[in-house]
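Colleague: Residue numbers for the sequence shown follow the numbering used here, beginning at 93 and rising by one.
Think of the hints as simulated: they come from the structure by calculation, not from any bench. Using N, Cα and C, we set each Cβ at its ideal position, and we do this for glycine too. Mixed in with the good hints, there may be bad ones.
Using C-beta positions, here's what the derived DEER-type ranges look like [said to hold, decoys possible]:
#	residue 1	residue 2	range
1	D177	T334	33 to 43 Å
2	D123	E335	21 to 31 Å
3	V474	T155	23 to 33 Å
4	T364	S493	27 to 37 Å
5	I502	E335	34 to 44 Å
6	G503	G139	50 to 60 Å
7	T364	N489	29 to 39 Å
Subject to a maximum C-alpha distance of 16 Å in a straight line, what follows is the list of computed EDC-like cross-link-like pairs (lysine to aspartate or glutamate) [claimed, not checked]:
#	residue 1	residue 2
8	K256	D240
9	K535	D392
10	K193	D240
11	K210	D184
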Amino acid sequence: MKLSNLFKRVASLIATFILFIGINLSLIAGDAPKGFKSLFNGEDLSGWWGLGTEDPAKWMALTPEALLDKESQSLEDIAKHWSIDGDELVNDGKGLYLSTKKNYADFELLLEYKTVAKADSGIYLRGIPQVQIWDYTKEGGKWNIGADKGSGGLWNNSKGTAGKDPLVLADKPFGEWNKFRIIMVGERVTIWLNEKMVVDHARLENFFNRKGPVPMAGPIQLQTHGGEIRWRNIFVREIGVTEGNKFLASNDNDGFKKVFNGNDLDGWAGATDNYEVKNGTIQCKKGSGGTVYVNEELSDFSVRFEYKLPPGGNNGLAIRYPGKGDTAYVGMCELQVLDDTAKKYAKLHPAQYHGSAYGMAAAARGYQRAVGDWNFQQVTVVGSSIMVEMNGTQILNADLSKVDKPMYDIGKFKGRLRKMGYFGFAGHGDAVSFRNVQIKSFK
93 MKLSNLFKRV ASLIATFILF IGINLSLIAG DAPKGFKSLF NGEDLSGWWG LGTEDPAKWM
153 ALTPEALLDK ESQSLEDIAK HWSIDGDELV NDGKGLYLST KKNYADFELL LEYKTVAKAD
213 SGIYLRGIPQ VQIWDYTKEG GKWNIGADKG SGGLWNNSKG TAGKDPLVLA DKPFGEWNKF
273 RIIMVGERVT IWLNEKMVVD HARLENFFNR KGPVPMAGPI QLQTHGGEIR WRNIFVREIG
333 VTEGNKFLAS NDNDGFKKVF NGNDLDGWAG ATDNYEVKNG TIQCKKGSGG TVYVNEELSD
393 FSVRFEYKLP PGGNNGLAIR YPGKGDTAYV GMCELQVLDD TAKKYAKLHP AQYHGSAYGM
453 AAAARGYQRA VGDWNFQQVT VVGSSIMVEM NGTQILNADL SKVDKPMYDI GKFKGRLRKM
513 GYFGFAGHGD AVSFRNVQIK SFK
């Protein structure tokens with residue numbers, strides 16, 4: 093391991109240790125740690141309502157009147173099965189799940205729970221199951237489905253995927269309080285149970301739509317399932333753009349190298365005269381265009397960077413670009429970089445919006461940050477497949493050898509099966525900014 097990486101890891105561990113000390117002292121006192129807000133006011137269930145295991149996309153689509161009626165009915169059920177005992181929220185093991193009325197995007201959640209033998213519970217993140225809580229003993233009767241590994245895993249993820257099972261068994265014996273710390277940015281979740289990391293930057297799958305991303309925002313839910321469970325010291329802190337991007341960039345750095353020095357376009361080729369370096373960013377000159385690319389051919393690779401759009405901004409990512417021509421057709425593809433919110437783009441083909449393989453494969457929409465904010469994006473290209481993760485959420489996972497509904501005749505996309513080429517930016521006259529560009533080649 094390089095010394096610089098060792099020092100970074102040691103510094104990170106020290107910072108985490110200091111943070112845990114501060115959090116634990118606050119929890120002992122029952123006060124919200126600095127920057128956090130309490131989700132339980134200690135008196136009543138203001139700010140909560142009831143939901144079951146139900147697709148957030150469906151109830152979020154209800155009319156305001158229907159949603160209000162659903163909330164009113166849910167509170168009748170909540171009153172039957174939830175109670176307050178001092179500073180604790182208590183559920184009898186039945187009924188709807190206590191759910192925040194507020195929907196959260198990126199956040200850090202702290203809470204404590206205490207349950208009984210053979211109980212089964214969990215925490216839903218943005219309405220998606222779940223951070224698992226259960227009886228980890230053999231007597232609990234669920235070793236056959238993973239209870240022996242303990243609580244804290246993203247149990248509803250697909251078999252064999254990262255995060256489904258906790259990294260370590262961290263549960264405390266029944267009768268003792270357990271402490272969770274959960275960070276969620278996009279679909280990426282990191283979890284500590286009793287100060288032991290049990291999930292490391294794993295992607296939470298959408299239980300209700302395995303092929304689609306989780307909602308950009310949704311409620312935090314405390315599940316009820318078969319036995320009494322008590323909750324206390326429930327605190328949440330919303331994570332902003334800068335912190336969220338740093339969190340995403342801090343994961344899995346091994347093998348990535350900087351390809352933009354922040355000062356000039358040394359190491360880049362193509363239409364360099366049509367681009368400029370401003371304040372540590374690569375920017376297409378307004379009214380100019382063309383493709384500027386890293387002067388190193390790549391086969392399979394991953395690239396990560398931040399980008400910022402001006403209103404109505406349009407650019408693109410050249411993937412396996414041959415060095416000349418229109419990358420959308422002669423390269424493997426052009427991945428769209430676009431202000432999806434601009435009115436002038438309201439009627440585009442689905443495969444023309446941000447993150448899409450232009451004209452071939454449509455990306456999920458609605459996951460960009462506000463225009464003017466920095467977005468973090470990572471693109472991974474392996475064989476004929478391409479995956480786009482934006483702000484921690486997977487918005488595209490497509491095999492370009494199997495395009496079902498292209499915008500044009502598929503023969504127009506002559507380069508889609510290219511095995512080698514360059515990575516770059518395909519300007520379209522707008523001052524879109526890029527920074528912190530790093531590439532990892534899978535040689």
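Colleague: The structure should be examined with respect to each hint, and the outcome stated for every one.
Modeller: Hints, verified against the model:
1. D177 / T334: 33 to 43 Å: holds, 40 Å
2. D123 / E335: 21 to 31 Å: For D123 and E335 the Cβ distance comes to about 22 Å; the hint holds.
3. V474 / T155: 23 to 33 Å: Distance hint for V474, T155 is violated at roughly 44 Å.
4. T364 / S493: 27 to 37 Å: At 33 Å between Cβs, range holds.
5. I502 / E335: 34 to 44 Å: At roughly 42 Å between Cβ atoms, E335 and I502 fall inside 34 to 44 Å, so the hint holds.
6. G503 / G139: 50 to 60 Å: holds, 57 Å
7. T364 / N489: 29 to 39 Å: This hint holds: roughly 32 Å between Cβ atoms.
8. K256 / D240: holds, 13 Å
9. K535 / D392: holds, 7 Å
10. K193 / D240: violated, 34 Å
11. K210 / D184: holds, 13 Å
The structure fails to meet hints 3 and 10 from the earlier list, while all remaining hints are met.
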